[in-house]
Amino acid sequence: MASRTDIAHALRAGLLALVLLAAPRFAAAAPAWGGMWWSLGGAYSSTKADCRDCEEQEYVDTGSFIGRVGYAVSPRVRLGGEYTRTFRQQTGPDATLSTVSAVAQWNMVRAVPIIIEVGYGISRASYSVEENGNVVGIHRNGIALNLGVGSEWPIGPVAIGPYGAMYVGGLGDVQTPTTVARDVLVLSWFAGLQVTMP
Amino acid sequence: MPLAVTEALGANVILNLFDQATHAHPEEFKVSWQSVWDNIQEGFEWDDNHFTTNNFAHPYNGNIFFNAGRSNGLSYYESMPLAAAGSLTWEYAGEVNRPSFNDFINTTVGGIALGEMFHRTAATIRDNRATGMRRVWLETAGFLVDPVGGFNRIFRGEVSRVYANPQERDPSALSVWLRFGVRSRGDQDFRFGSEATGSVTDLRLLYGDPWGEVKKPFDTYSFRIEAASADSGFLNGLRGEGAIVELGHPDEKPVMHRYLLTQCFDFFDNAAYQYGGQSVQMRWMKRWKKTENSSFSSMVGAQGIILGAVNSEHVGLTQRSYDYGPGLGTDVLLVWMRHGYPLLRGEYSIAWLDTKAGDNASHWLHRGDLEATYLFTDNLGASAAAGYFRRDSYYDDAPDVHQWSPEWRAGLTLRTH
Chain Z
1 MASRTDIAHA LRAGLLALVL LAAPRFAAAA PAWGGMWWSL GGAYSSTKAD CRDCEEQEYV
61 DTGSFIGRVG YAVSPRVRLG GEYTRTFRQQ TGPDATLSTV SAVAQWNMVR AVPIIIEVGY
121 GISRASYSVE ENGNVVGIHR NGIALNLGVG SEWPIGPVAI GPYGAMYVGG LGDVQTPTTV
181 ARDVLVLSWF AGLQVTMP
Chain V
1001 MPLAVTEALG ANVILNLFDQ ATHAHPEEFK VSWQSVWDNI QEGFEWDDNH FTTNNFAHPY
1061 NGNIFFNAGR SNGLSYYESM PLAAAGSLTW EYAGEVNRPS FNDFINTTVG GIALGEMFHR
1121 TAATIRDNRA TGMRRVWLET AGFLVDPVGG FNRIFRGEVS RVYANPQERD PSALSVWLRF
1181 GVRSRGDQDF RFGSEATGSV TDLRLLYGDP WGEVKKPFDT YSFRIEAASA DSGFLNGLRG
1241 EGAIVELGHP DEKPVMHRYL LTQCFDFFDN AAYQYGGQSV QMRWMKRWKK TENSSFSSMV
1301 GAQGIILGAV NSEHVGLTQR SYDYGPGLGT DVLLVWMRHG YPLLRGEYSI AWLDTKAGDN
1361 ASHWLHRGDL EATYLFTDNL GASAAAGYFR RDSYYDDAPD VHQWSPEWRA GLTLRTH
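Chains as they are written, first to last, in my numbering: chain Z, 1 to 198; chain V, 1001 to 1417.
No lab work stands behind these hints: they were computed from the structure.
Cβ atoms here follow ideal geometry from the backbone N, Cα and C, with glycine treated the same way.
Check before you lean on any hint, since a few could be wrong.
As the list claims (entries may be wrong) - Restraint-style ranges between C-beta atoms, simulated for each label pair:
| hint | chain 1 | residue 1 | chain 2 | residue 2 | range |
| --- | --- | --- | --- | --- | --- |
| 1 | V | T1131 | Z | I122 | 53 to 59 angstroms |
| 2 | V | W1037 | Z | V195 | 29 to 35 angstroms |
| 3 | Z | P31 | V | W1336 | 38 to 44 angstroms |
| 4 | V | F1155 | Z | V100 | 41 to 47 angstroms |
| 5 | Z | D53 | V | L1261 | 55 to 61 angstroms |
| 6 | V | V1036 | Z | P198 | 36 to 42 angstroms |
| 7 | V | W1284 | Z | V195 | 53 to 59 angstroms |
| 8 | V | G1073 | Z | V180 | 46 to 52 angstroms |
| 9 | Z | G81 | V | L1414 | 43 to 49 angstroms |
| 10 | Z | P157 | V | W1336 | 23 to 29 angstroms |
| 11 | V | G1248 | Z | V180 | 45 to 51 angstroms |
| 12 | Z | G133 | V | W1284 | 50 to 56 angstroms |
| 13 | V | T1416 | Z | G81 | 42 to 48 angstroms |
What the hints assert, rightly or not - Residues of chain V placed beyond 10 angstroms of chain Z at every Cβ, according to the derived structure:
| hint | residue |
| --- | --- |
| 14 | L1017 |
| 15 | H1025 |
| 16 | G1043 |
| 17 | V1162 |
| 18 | P1166 |
| 19 | D1170 |
| 20 | S1172 |
| 21 | S1295 |
| 22 | K1356 |
| 23 | A1357 |
| 24 | S1383 |
Stated by the list, open to error - Footprint (simulated), chain Z over chain V, 3 or more residues, beta carbon under 8 angstroms:
| hint | stretch |
| --- | --- |
| 25 | 1048 to 1061 |
| 26 | 1077 to 1087 |
Modelling step: build the complete structure from the supplied sequences, incorporating the hints.
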């Protein structure tokens, strides 16, 4: 039987696919890529951590922020830098994941404004554990990889569009309240909206 | 573009069917919608495959995806997402196993580096103006280096058509060096025994003038592959480095400086360490031209290792005996050129890896090499070299390990240019 999280993932993926399929009508109005660009966005994100010999973990749903800036090296290719951060939950695990990455974006077919993104950089997990009755904040840095897909629809001087992405943080060994989790990978799915300029 | 995507994804279908028919565990390749959905839900993991599989076979596979784009007219930058898409679809839908984080990076980044070098190498081998048996041999050799490009040439009827060659066929400079002879690797007491002594073959390709203008990625690159009969694996070393962009091109002067951003692929297997890595490097190059026939050049690099693998003593996995992690590195290369060839060449490199999968460790790798070459004729000569490999592994929960291995090589050298 499908869990609530399964259905939530399927709905988000379906919504994103629907929006992307409707995107071509906006393609003709989109300006060709060139020069500097930036984008800001917010997303709904589902995050979980996994490690060697660990039991399967549940996804935790939170909000997230994304910001990018860069330069278009051709009408099809943009290079840039990106910052993302998941927000802390009101309840549940006290943890956030941040990434700072170099990203490349491609719009391979001009008539279809689907943009794919690949990024690589540094991830940082911040969380707290209890030691001798005290809550201790811990930060762990690792590598970050992100794979995303989105679209841009021109509205006045900016473009607005949906995006979905998968962020992976390879953190190595991580201290937990009870043990050391080995070879930790954090997986975070983002689905949201972004504003891009120009 | 649609053809490039079809070929990249079609390569996965062919590989999947091949694995279903030949693999010892064919059930690992019987994918279903459920297995794909499970992989999406569960996400990436670090896999535990053998060193050569993860650090050579996967990047080689990525070159197939990348060259589906290059051989269909896409540029280096435009073909990159095909390497990523081919790798991603294989990881999620080519196997039942969970997608592998290290495979995705190695296949994508290594595939781009190997793919561009193979694409250009094959272009220099093929000759669209050749006819008869010479054309057959050149097309066959080109096919072996760049199978996807060769397939497309057959598909489009280009293998037999006589027409103009692409620009990549005639780089500003091209030389191929083949060295074969004897190599001996010593133990930690610098004793050279017969069990680690055998034949060695070393092939190097220098494409483009390293001091020429870089208009497109890999307008200049070097590629070296070394295979030997004794010590470690058959494939002992594979290193490729290509210029992506240059920061301002210098004028031709007796003393020249230049700065290059390069992409590197590394694979080393020796008694001191196994290392495989994908990296980018910032290079500072300087050349002193003393006379028309004599110059001295130096190169210093600062390397960012995207993902590296190095053998480790305490990984604790079934198949995998190496750690994964990002890192930093640096190297120095000094070359004395006489009459257009490197009479004396010395290099030293250091790499540091911070483990993110495997032992809780940091690894330091050293590699040094000093080589003298003398050409008797324009094409034939002799060379002798001394090399050194060293690994220092610092473990948080186990004793540190220090291993080193010296080597010497001597033999004949053939050059074409």
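Hints versus structure:
no., hint, verdict
1, V/T1131 / Z/I122: 53 to 59 angstroms, "holds, 55 angstroms"
2, V/W1037 / Z/V195: 29 to 35 angstroms, "holds, 32 angstroms"
3, Z/P31 / V/W1336: 38 to 44 angstroms, "violated, 53 angstroms"
4, V/F1155 / Z/V100: 41 to 47 angstroms, "holds, 43 angstroms"
5, Z/D53 / V/L1261: 55 to 61 angstroms, "violated, 40 angstroms"
6, V/V1036 / Z/P198: 36 to 42 angstroms, "holds, 37 angstroms"
7, V/W1284 / Z/V195: 53 to 59 angstroms, "violated, 40 angstroms"
8, V/G1073 / Z/V180: 46 to 52 angstroms, "holds, 51 angstroms"
9, Z/G81 / V/L1414: 43 to 49 angstroms, "holds, 47 angstroms"
10, Z/P157 / V/W1336: 23 to 29 angstroms, "violated, 58 angstroms"
11, V/G1248 / Z/V180: 45 to 51 angstroms, "holds, 48 angstroms"
12, Z/G133 / V/W1284: 50 to 56 angstroms, "holds, 54 angstroms"
13, V/T1416 / Z/G81: 42 to 48 angstroms, "holds, 44 angstroms"
14, L1017, "holds, 26 angstroms"
15, H1025, "holds, 21 angstroms"
16, G1043, "violated, 4 angstroms"
17, V1162, "holds, 32 angstroms"
18, P1166, "holds, 20 angstroms"
19, D1170, "holds, 24 angstroms"
20, S1172, "holds, 23 angstroms"
21, S1295, "holds, 33 angstroms"
22, K1356, "violated, 4 angstroms"
23, A1357, "violated, 4 angstroms"
24, S1383, "holds, 38 angstroms"
25, 1048 to 1061, "violated (count 0)"
26, 1077 to 1087, "holds (count 6)"
Hint compliance for this structure: hints 3, 5, 7, 10, 16, 22, 23 and 25 are not met, and every other hint is.
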